[in-house]
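Given the coordinates of chain A, work out where chain B should sit on it, guided by the hints.
Number of protein chains: 2
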Amino acid sequence: MTFDEAQRVIQDHFKPVFLGEEEVVLLEAYNRVLNEDIVSTLDIPTFNRSTVDGYAVKAEDTYGADENQPAILKVSGAVNIGEQPKVVLAKGEAVEIVTGAPIPEGADAAVMVEGTERESDELRVFNPVTANENVMKKGSDLKKGVAVLKKGQVLGSPEIGVLAALGLTKVKVFKIPIVAVLSTGGEVTEPGKELPAGKIYDINAYSLSTAVIESGAKPVYFGVVPDDKAALSKALQTALASADMVITSGGVSVGPRDYTPQIVDSLGKPGLVVYGIAVKPGKPTTVGFIGDKPIFSLPGNPTSALLIFYLLARPLIQRLGGRPVAGMKIIRAFAGSRMFSAKGRRTFVMVKLEFDKECRLLADPVETGAAGAITTLAKADGFVEIPENEQFVDVNQEVAVMLFRSTGKV
Amino acid sequence: MTFDEAQRVIQDHFKPVFLGEEEVVLLEAYNRVLNEDIVSTLDIPTFNRSTVDGYAVKAEDTYGADENQPAILKVSGAVNIGEQPKVVLAKGEAVEIVTGAPIPEGADAAVMVEGTERESDELRVFNPVTANENVMKKGSDLKKGVAVLKKGQVLGSPEIGVLAALGLTKVKVFKIPIVAVLSTGGEVTEPGKELPAGKIYDINAYSLSTAVIESGAKPVYFGVVPDDKAALSKALQTALASADMVITSGGVSVGPRDYTPQIVDSLGKPGLVVYGIAVKPGKPTTVGFIGDKPIFSLPGNPTSALLIFYLLARPLIQRLGGRPVAGMKIIRAFAGSRMFSAKGRRTFVMVKLEFDKECRLLADPVETGAAGAITTLAKADGFVEIPENEQFVDVNQEVAVMLFRSTGKV
Chain A
0 MTFDEAQRVI QDHFKPVFLG EEEVVLLEAY NRVLNEDIVS TLDIPTFNRS TVDGYAVKAE
60 DTYGADENQP AILKVSGAVN IGEQPKVVLA KGEAVEIVTG APIPEGADAA VMVEGTERES
120 DELRVFNPVT ANENVMKKGS DLKKGVAVLK KGQVLGSPEI GVLAALGLTK VKVFKIPIVA
180 VLSTGGEVTE PGKELPAGKI YDINAYSLST AVIESGAKPV YFGVVPDDKA ALSKALQTAL
240 ASADMVITSG GVSVGPRDYT PQIVDSLGKP GLVVYGIAVK PGKPTTVGFI GDKPIFSLPG
300 NPTSALLIFY LLARPLIQRL GGRPVAGMKI IRAFAGSRMF SAKGRRTFVM VKLEFDKECR
360 LLADPVETGA AGAITTLAKA DGFVEIPENE QFVDVNQEVA VMLFRSTGKV
Chain B
0 MTFDEAQRVI QDHFKPVFLG EEEVVLLEAY NRVLNEDIVS TLDIPTFNRS TVDGYAVKAE
60 DTYGADENQP AILKVSGAVN IGEQPKVVLA KGEAVEIVTG APIPEGADAA VMVEGTERES
120 DELRVFNPVT ANENVMKKGS DLKKGVAVLK KGQVLGSPEI GVLAALGLTK VKVFKIPIVA
180 VLSTGGEVTE PGKELPAGKI YDINAYSLST AVIESGAKPV YFGVVPDDKA ALSKALQTAL
240 ASADMVITSG GVSVGPRDYT PQIVDSLGKP GLVVYGIAVK PGKPTTVGFI GDKPIFSLPG
300 NPTSALLIFY LLARPLIQRL GGRPVAGMKI IRAFAGSRMF SAKGRRTFVM VKLEFDKECR
360 LLADPVETGA AGAITTLAKA DGFVEIPENE QFVDVNQEVA VMLFRSTGKV
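Chains as they are written, first to last, in numbering that gives the first Met the number 0: chain A, 0 to 409; chain B, 0 to 409.
Hint data in this document are derived by calculation from the structure and do not stem from the laboratory. For each residue, glycine too, the CB sits at the ideal point set by N, CA and C. There could be a bad hint or two in this list.
Computed cross-link-like contacts, DSS-like style, restricted to lysine-lysine with a CA-CA straight-line distance of at most 25 Å [unchecked claim]:
| hint | chain 1 | residue 1 | chain 2 | residue 2 |
| --- | --- | --- | --- | --- |
| 1 | B | Lys169 | B | Lys282 |
| 2 | B | Lys150 | A | Lys378 |
| 3 | B | Lys217 | A | Lys174 |
| 4 | A | Lys14 | A | Lys174 |
| 5 | B | Lys85 | B | Lys73 |
| 6 | B | Lys169 | B | Lys149 |
| 7 | A | Lys149 | B | Lys328 |
| 8 | A | Lys378 | B | Lys143 |
| 9 | B | Lys169 | A | Lys378 |
| 10 | B | Lys217 | B | Lys14 |
| 11 | A | Lys171 | A | Lys217 |
| 12 | B | Lys292 | B | Lys268 |
| 13 | B | Lys282 | A | Lys192 |
| 14 | B | Lys142 | A | Lys378 |
Some chain B residues well away from chain A (every beta-carbon gap over 12 Å; in silico) [claimed, not checked]:
| hint | residue |
| --- | --- |
| 15 | Val74 |
| 16 | Leu266 |
| 17 | Lys342 |
| 18 | Leu361 |
The shape of chain A in the complex, shown without the other chains:
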């Protein structure tokens, strides 16, 4: 199955079921996804507001005023900020006001203190104002009943500011998807334990759990499943019952004990839908659905597992969480050396970014040493994709690098 076919089959079987909503307080709503349309319940501002420090006036009382012939008004009081004005302005009067305070009844404009002179309660206004000048009208920012935020928006600082403006302290958001992460393979041991001869530490559960967090979901770590059919079958059933998606790694190549695909297929309908993909790396990947729940069985090689997670599993997690599917961050660079593809397979080459002497950004393949190299993960900034029908990317050719993370370099 080609990479494009695998993507299509996964899309065809995937139903982004609604996982439910929960109410969270505003200060904990960062990066959550709104599950309600927010309609303004207030006129904002709720009152005509002065945008200057100075005096509230009737605009017509200032008409024709200039340096030589100021309008002369009587200061009849003051408006305090944050209070309903106690004064009503009559013709020929002015009321002291500060920025943000309500314009009192009878006034329709404000003059800036800089354009006035005051002696006791006599005010000289040298610059005329028009009606509504220096006034932010009631409802001019936001009218009651107007839609402000939409279901599905991810909440960042500006959106949370807008919710606060409406006086809200809680908001309804999509529940966070739960993703079960488990590792298989008789050679794998959990970090923190002693490492017996012939074993290696479990890397994938940790790198994949972290990638699940990055994707906006909550990982539940099921540990290393013993290398036996019954144990694996039981672990997968428990994982399916308690999570919205399951990710396993290891045990999907052709070795005699790689029975993960068989077991996945036996757990329910539709079962396995992708069994191997013509990609490099990541060929042994299998994908199944049990009811609506996806099960990804990723290779044991940590770099391959993380790569296939980003390409195929992450978009599903984002959709389950109600998020827009965000592609990986892409940056343009130049191939620092020739990169070869695997014949007939979509190839992803892990690369490291570096500026050359002319400040061109170069993408250089990371030496992977042998299959399963762990250090590849730490060295690579991202990867370059080579289509099935191309044999190589030539040195100096422009390439799109998909970034594993924001790197300090770019």
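Below, chain B alone, put in the same frame as chain A:
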């Protein structure tokens, strides 16, 4: 003071003091900053590992083998994955092996099962192998004693995978900076309370707290401080005592009650270092340092406050957290209409991004209505910077848009 001068003065006074470290478990280390150099404590792999399913052999026993003249070997046993091999290979022997299992003593290569034929314990090998072929040598991925991760690295999925590979379950990271957030201004009321006439809800505490989280720190909300000198002075002292940085908003324009700068200056040395900046918006911003602790007093206007936070406060928070200072994400676009600058001031124009019919990305100024508009925050995707010496950006001119957030549009 120009914007550049303000930046320089802040840099001159800022000491990125070390706030201490803490130990966190690996699954909670995502997006934390490493405070130790990680050196490999293991050879990885810790044993010579087969990279294929097949048979461990002595390479020399296969020399010269081909389709017509296979090498004939005796299968003397099998190696289980995850176990120390119990067999030792003698000349003329082969041992069954799976991917990831240890190469037994006496063997120096592995042949793939696909290139063999077996009958009972007689194995025919049709393709010769050289020494070390299909073997991932002990320490070939990572040698004991080699530096793998460096102090100051931000931990993402690949880095956490590498830590797991070494068997680590905990890691030392920088403490998260604490930022006190408080609001001033007699017209401001906390969301969730009833809104009295003449008041508005506090927006800034929420949008700024969220921006603090985005910057890698923990906000502590001190609420709305009553509009009185003694209360403000006390609140600032408490905030300084309990946080690494203080951010206030509101009460920094020229109104009669705007005594925040005075109070900040009275709290200790060096006191106020920036009092007003020639920018639009954000002119009334003041910045002080009490000992090593920065106090930013941002304008009451929510858009201005968030903008100045991103430009001036966020880099300091990132440095306090041990993080590389990450600029805002920038995207190139074309001005959809002419944007004007404020005479002699660095101007930041809030813009909305939209594709035109020819799929050109256009940046259009958001109508701000009046000063203090809240909806500007919700409408704008980012902003365009106009230097002091330029009067406007012309329509169709290429502009760099600094993004408030990842927008679904680009």
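Here is what the structure says about each hint:
no.: 1; hint: Lys169(B) - Lys282(B); result: violated, 46 Å
no.: 2; hint: Lys150(B) - Lys378(A); result: holds, 15 Å
no.: 3; hint: Lys217(B) - Lys174(A); result: holds, 23 Å
no.: 4; hint: Lys14(A) - Lys174(A); result: holds, 16 Å
no.: 5; hint: Lys85(B) - Lys73(B); result: holds, 17 Å
no.: 6; hint: Lys169(B) - Lys149(B); result: holds, 15 Å
no.: 7; hint: Lys149(A) - Lys328(B); result: holds, 24 Å
no.: 8; hint: Lys378(A) - Lys143(B); result: holds, 17 Å
no.: 9; hint: Lys169(B) - Lys378(A); result: holds, 21 Å
no.: 10; hint: Lys217(B) - Lys14(B); result: holds, 19 Å
no.: 11; hint: Lys171(A) - Lys217(A); result: holds, 18 Å
no.: 12; hint: Lys292(B) - Lys268(B); result: holds, 10 Å
no.: 13; hint: Lys282(B) - Lys192(A); result: violated, 58 Å
no.: 14; hint: Lys142(B) - Lys378(A); result: holds, 15 Å
no.: 15; hint: Val74; result: holds, 14 Å
no.: 16; hint: Leu266; result: holds, 24 Å
no.: 17; hint: Lys342; result: holds, 16 Å
no.: 18; hint: Leu361; result: holds, 20 Å
Violated hints, in rising order: 1, 13; the structure is consistent with all others.
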